[in-house]
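Novice: Sequence:
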Amino acid sequence: MRIKLPSKDSAGVVTTFYLHSHTSHHDELDFEFLGNRKGKPYILQTNVFANGIGDREERIQLWFDPTTNFHEYSILWNSHHIVFFVDEIPIRVYKNKSYRGIGYPTQPMQSEATIWNGESWATENGSQKINWSNSPFIAQFQGFNIEGCPSNYHSLNCNSTKWWWNSKKLWKLTLDQEKSYKDIRSKNMIYDYCKDTNRFQNIPLECSSDY
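Numbering that gives the first Met the number 0 puts the first residue of the sequence shown at 0, with every later residue one more than the last.
By construction, these hints were calculated from the structure, which means they are not laboratory data.
Among these hints, one or two may not hold up.
[Stated by the list, open to error] Keeping only pairs whose Cα atoms sit at most 20 Å apart, straight-line, the calculated EDC-like set for lysine to aspartate or glutamate is:
#, residue 1, residue 2
1, Lys3, Asp64
2, Lys94, Asp29
3, Lys167, Asp191
4, Lys181, Asp191
5, Lys3, Asp86
6, Lys128, Glu31
7, Lys3, Glu111
8, Lys186, Glu56
9, Lys37, Asp54
10, Lys194, Asp175
11, Lys171, Glu87
12, Lys94, Glu177
[What the hints assert, rightly or not] Now the in silico label distances, taken between C-beta atoms and shown as ranges:
#, residue 1, residue 2, range
13, Asn158, Ser134, 41 to 49 Å
14, Ser132, Asp175, 44 to 52 Å
15, Pro135, Cys193, 18 to 26 Å
16, Lys167, Gln60, 18 to 26 Å
17, His79, Ile189, 24 to 32 Å
18, Lys7, Asn151, 43 to 51 Å
19, Pro135, Trp170, 37 to 45 Å
20, Gly53, Lys167, 24 to 32 Å
21, Ser159, Gln200, 38 to 46 Å
22, Leu174, Ser132, 43 to 51 Å
23, Glu177, Ser134, 37 to 45 Å
24, Gly100, Thr67, 40 to 48 Å
25, Gln176, Ser132, 37 to 45 Å
26, Ser134, Asp64, 15 to 23 Å
We treat Cβ as the ideally placed atom computed from N, Cα and C, and that holds for glycine.
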């Protein structure tokens with residue numbers, strides 16, 4: 000999906016593009032763009048829900064102004080890992096460790112996009128409220144494309160390597176992708192739930208190097 004985010008002062012405004020299963024114990028993959036005061040960088044928050052359990056937020060500062068041009072935001076989801084991309088650069092990898100009892104999205108999902116009032120939490124922990132004099136807040140979406148296993152397929156067929164996104168070469172990042180991934184995260188990451196010891200008394204299992 001190519002997205003151009005609301006300009007001007009967008010503090011408190013949340014623009015999203017995500018996948019959702021809409022089941023009682025849902026799976027979900029989120030791009031959440033957190034607006035900011037004019038002149039301050041947009042924050043991109045990603046999250047992963049598996050079987051109704053989320054709380055896996057990561058945040059990065061975007062290294063460009065996402066309000067002046069369209070940029071591409073995409074997700075690779077196969078049976079080995081989930082990769083979030085910005086302009087084809089991997090910014091997050093969530094590996095399938097279900098063999099360790101760690102949740103991994105497996106349910107059919109549909110794509111959705113929204114823009115909404117998140118002033119209670121989105122910008123500086125909710126201290127920055129929406130300036131409604133700047134409304135309307137307009138997000139633009141274009142170039143949507145999806146390739147996926149049809150939801151009426153048996154799940155085992157969906158794991159087949161006949162699908163390009165599940166081919167062996169996409170089971171892990173390439174060397175160039177790995178380099179870009181580490182570079183972006185070292186320079187632009189501002190929050191990682193795996194390192195939030197105030198929030199989690201015990202580190203989530205998927206965060207441990209032993210897993």
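Novice: Now look at each hint and say whether the structure bears it out.
Specialist: Status of the hints after comparison with the structure:
{"no.": "1", "hint": "Lys3 to Asp64", "in the structure": "holds, 9 Å"}
{"no.": "2", "hint": "Lys94 to Asp29", "in the structure": "holds, 16 Å"}
{"no.": "3", "hint": "Lys167 to Asp191", "in the structure": "violated, 29 Å"}
{"no.": "4", "hint": "Lys181 to Asp191", "in the structure": "holds, 14 Å"}
{"no.": "5", "hint": "Lys3 to Asp86", "in the structure": "holds, 13 Å"}
{"no.": "6", "hint": "Lys128 to Glu31", "in the structure": "holds, 17 Å"}
{"no.": "7", "hint": "Lys3 to Glu111", "in the structure": "holds, 16 Å"}
{"no.": "8", "hint": "Lys186 to Glu56", "in the structure": "holds, 18 Å"}
{"no.": "9", "hint": "Lys37 to Asp54", "in the structure": "violated, 29 Å"}
{"no.": "10", "hint": "Lys194 to Asp175", "in the structure": "violated, 26 Å"}
{"no.": "11", "hint": "Lys171 to Glu87", "in the structure": "holds, 15 Å"}
{"no.": "12", "hint": "Lys94 to Glu177", "in the structure": "holds, 14 Å"}
{"no.": "13", "hint": "Asn158 to Ser134: 41 to 49 Å", "in the structure": "holds, 46 Å"}
{"no.": "14", "hint": "Ser132 to Asp175: 44 to 52 Å", "in the structure": "holds, 45 Å"}
{"no.": "15", "hint": "Pro135 to Cys193: 18 to 26 Å", "in the structure": "violated, 37 Å"}
{"no.": "16", "hint": "Lys167 to Gln60: 18 to 26 Å", "in the structure": "violated, 34 Å"}
{"no.": "17", "hint": "His79 to Ile189: 24 to 32 Å", "in the structure": "holds, 28 Å"}
{"no.": "18", "hint": "Lys7 to Asn151: 43 to 51 Å", "in the structure": "holds, 44 Å"}
{"no.": "19", "hint": "Pro135 to Trp170: 37 to 45 Å", "in the structure": "holds, 44 Å"}
{"no.": "20", "hint": "Gly53 to Lys167: 24 to 32 Å", "in the structure": "holds, 30 Å"}
{"no.": "21", "hint": "Ser159 to Gln200: 38 to 46 Å", "in the structure": "holds, 41 Å"}
{"no.": "22", "hint": "Leu174 to Ser132: 43 to 51 Å", "in the structure": "holds, 49 Å"}
{"no.": "23", "hint": "Glu177 to Ser134: 37 to 45 Å", "in the structure": "holds, 42 Å"}
{"no.": "24", "hint": "Gly100 to Thr67: 40 to 48 Å", "in the structure": "holds, 45 Å"}
{"no.": "25", "hint": "Gln176 to Ser132: 37 to 45 Å", "in the structure": "holds, 43 Å"}
{"no.": "26", "hint": "Ser134 to Asp64: 15 to 23 Å", "in the structure": "holds, 20 Å"}
Checked against the numbered hints listed earlier, the structure breaks hints 3, 9, 10, 15, 16; every other hint is satisfied.
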